[in-house]
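K.L.:
Let the sequences and hints guide you as you build the complete structure.
If you're matching them up, the sequences are chains B and P in order.
So in our numbering the end of the first sequence lands on 1430, straight run, no missing numbers.
So in our numbering the end of the second sequence lands on 666, straight run, no missing numbers.
A few of these clues could be false.
[Stated by the list, open to error] Pair by pair, the computed Cβ-Cβ distance ranges are:
| hint | chain 1 | residue 1 | chain 2 | residue 2 | range |
| --- | --- | --- | --- | --- | --- |
| 1 | P | 555 | B | 1151 | 36 to 46 Å |
| 2 | B | 1205 | P | 555 | 27 to 37 Å |
| 3 | B | 1401 | P | 584 | 18 to 28 Å |
| 4 | B | 1295 | P | 642 | 54 to 64 Å |
| 5 | P | 652 | B | 1186 | 22 to 32 Å |
| 6 | B | 1255 | P | 651 | 28 to 38 Å |
| 7 | B | 1162 | P | 659 | 48 to 58 Å |
[Stated by the list, open to error] The calculated lysine-lysine pairs, modelled on DSS-like cross-linking and capped at a C-alpha distance of 30 Å, are:
| hint | chain 1 | residue 1 | chain 2 | residue 2 |
| --- | --- | --- | --- | --- |
| 8 | B | 1172 | P | 556 |
| 9 | P | 656 | P | 526 |
| 10 | P | 526 | B | 1172 |
| 11 | P | 656 | B | 1172 |
| 12 | P | 530 | P | 656 |
| 13 | P | 526 | P | 556 |
| 14 | P | 556 | P | 628 |
| 15 | P | 530 | P | 556 |
| 16 | P | 628 | P | 656 |
| 17 | P | 530 | B | 1172 |
It is worth saying that the hints were derived from the structure and are not from the lab.
Virtual Cβ for every residue (Gly too), placed ideally from N, Cα, C.
Letter by letter, the chains look like this.
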Amino acid sequence: MNFRYMVPILYVLATPLMGGLMMGLDRKITARMQGRVGPPLVQPFYDVIKLWGKEPFISSRMQPILATGYLVFVLTGLTLLALKADLLHILFTLTLADICLIVSAYNSESPYSNLGGRRELLAMLSYEPIMVLTAMSIQIVTGSFLVSGIFSYGTPLLLVMPAAFIVQILVLIIDMKKSPYDVSGSGHAHQELVRGVYTEFSGYTMALVELGHWIKTVFILSLICLFWAHNLLFGAVLALALWFLAILADNIYPRLTWKSMLRTTWLTGFTLILANFVVLIVLEVI
Amino acid sequence: MKARLKSLWVLHYDGGSCNGCDIEILAALTPKFDVERFGIVNIGDPKQADVLLVTGPANHRNQRVLRNLYDQMPEPKMVIAVGTCACTGGVFHNCPNVLGGIDKVIPVDVYVPGCAARPEQIIDGVVLAMEKLAGKAPEEEE
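P.N.:
What follows is the structure, given as structure tokens:
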């Protein structure tokens, strides 16, 4: 076996485990913030194993295929990232995964599921442009869309584009489905749209989607790690700090409407990234 | 299956109770009782729920809704009647619009009496349901 591929393979295999533990830690931290004891760290694994063993209610023939597609495309994106491939490829694979989820939500008569799918589209409309703009800034700074280009670039990206780093918290909040931007699929106890985009999933299809969601969270955190690619351990610390801030925001803010989500992400997000860009041009870094 | 006992997702349906029992159910989720310690969470989706907690008596209006919710829940599932009204109809038992306890409409696994049922009792009821679930596999139902 070629040693060059050992680290990427190990990373991809370890991600579901990491994702589950992080989800458990998330619930534990949330509970502590609310003055509760909270569930055990491995609670998300119990949930998924239980869901896997339950009787599935399949609402359409496409549903299991699309739920599997969500997981497969997230895993594909993760593999591309582990192989240090093209950033745009990685982002568009992630989009494909989301599209699977949305089509699956549309693929039933349920109005809750439909509305959840529509809101998930709006969530994508909010955070995808931020990610693509960040990728474009990275391309202009490092001269390459390749992830390996970030590794070979002289200085850590955080020092060059701090504003773009801060904006990633919006991406993280929307992806983790946390308040204030958990409009599409609410977690426990927020039941405005029943379960939004997840309403029609049950049994093993829900387990697949849940697994995909864990991996996607770790995936986005890994992308944030790239802001300090020279020492990935420090990059991970940075990503976890943003992750903690997202949990803090979840416990502080009530849910906002999709309009304010679009307004914040587009106005604040785009402005910060572009301002970062203008400053770089003025300082003649690029 | 150990995971099934460690992760109970509860669907709460209020079939016209006075809200006394509903407040007690929500009290079980607060820091003092914190049922999430045991993996119990309140979920709004019948397709993902394991336990149906019903408060209030069954009447001509809500029996269709109750039956519908029960049918939408995948096996293995449990039904807990919380409060005297859900168990027998309570003070409403002889009202013309009331059928009686919810067991007139759907099969009930655990009865939690009380007006209103205390959070400790409700948690006790859920634990009883867990014990019953431990000996219950999805195949046995069919």
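K.L.:
All hints are to be evaluated individually against the structure, with a verdict given for each.
P.N.:
For each hint, the structure was consulted:
The given range of 36 to 46 Å is respected by residue 555 of chain P and residue 1151 of chain B, whose C-beta atoms sit roughly 43 Å from each other. For residue 1205 of chain B and residue 555 of chain P, the Cβ-Cβ distance of about 45 Å falls outside the hinted range of 27 to 37 Å, so the restraint is violated. Restraint check, residue 1401 of chain B to residue 584 of chain P: a C-beta distance of roughly 38 Å breaks the suggested window 18 to 28 Å. One distance hint, 54 to 64 Å for the beta-carbon pair residue 1295 of chain B and residue 642 of chain P, holds here, with the actual separation near 60 Å.
A beta carbon spacing of about 25 Å between residue 652 of chain P and residue 1186 of chain B agrees with the range 22 to 32 Å that was offered as a hint. At roughly 36 Å, the beta carbons of residue 1255 of chain B and residue 651 of chain P sit within the given window of 28 to 38 Å. In this structure, residue 1162 of chain B and residue 659 of chain P break the distance hint of 48 to 58 Å, their C-beta atoms being roughly 35 Å apart. A threshold of 30 Å between alpha carbons decides the hint, and for residue 1172 of chain B with residue 556 of chain P the separation of about 16 Å falls inside it, so the pair holds.
Of the pairs offered as hints, the one joining residue 656 of chain P and residue 526 of chain P holds, with about 13 Å between alpha carbons and a cut-off of 30 Å not exceeded. Simply put, residue 526 of chain P and residue 1172 of chain B have alpha-carbon atoms about 21 Å apart, close enough for the 30 Å limit, and the pair holds. The straight-line distance between the Cα atoms of residue 656 of chain P and residue 1172 of chain B is roughly 28 Å, inside the 30 Å bound, and the hint therefore holds. Annotation: proposed proximity of residue 530 of chain P to residue 656 of chain P holds, straight-line Cα distance about 13 Å (limit 30 Å).
With a CA separation close to 26 Å, the supplied pair residue 526 of chain P and residue 556 of chain P stays within the 30 Å bound. This hinted pair does not check out: residue 556 of chain P and residue 628 of chain P have alpha carbons roughly 34 Å apart, beyond 30 Å. Taking the CA atoms of residue 530 of chain P and residue 556 of chain P, the gap is near 20 Å; set against the 30 Å cutoff, the hint holds. Simply put, residue 628 of chain P and residue 656 of chain P have alpha-carbon atoms about 21 Å apart, close enough for the 30 Å limit, and the pair holds.
As the CA atoms of residue 530 of chain P and residue 1172 of chain B are separated by approximately 15 Å, the hinted pair is consistent with the 30 Å bound.
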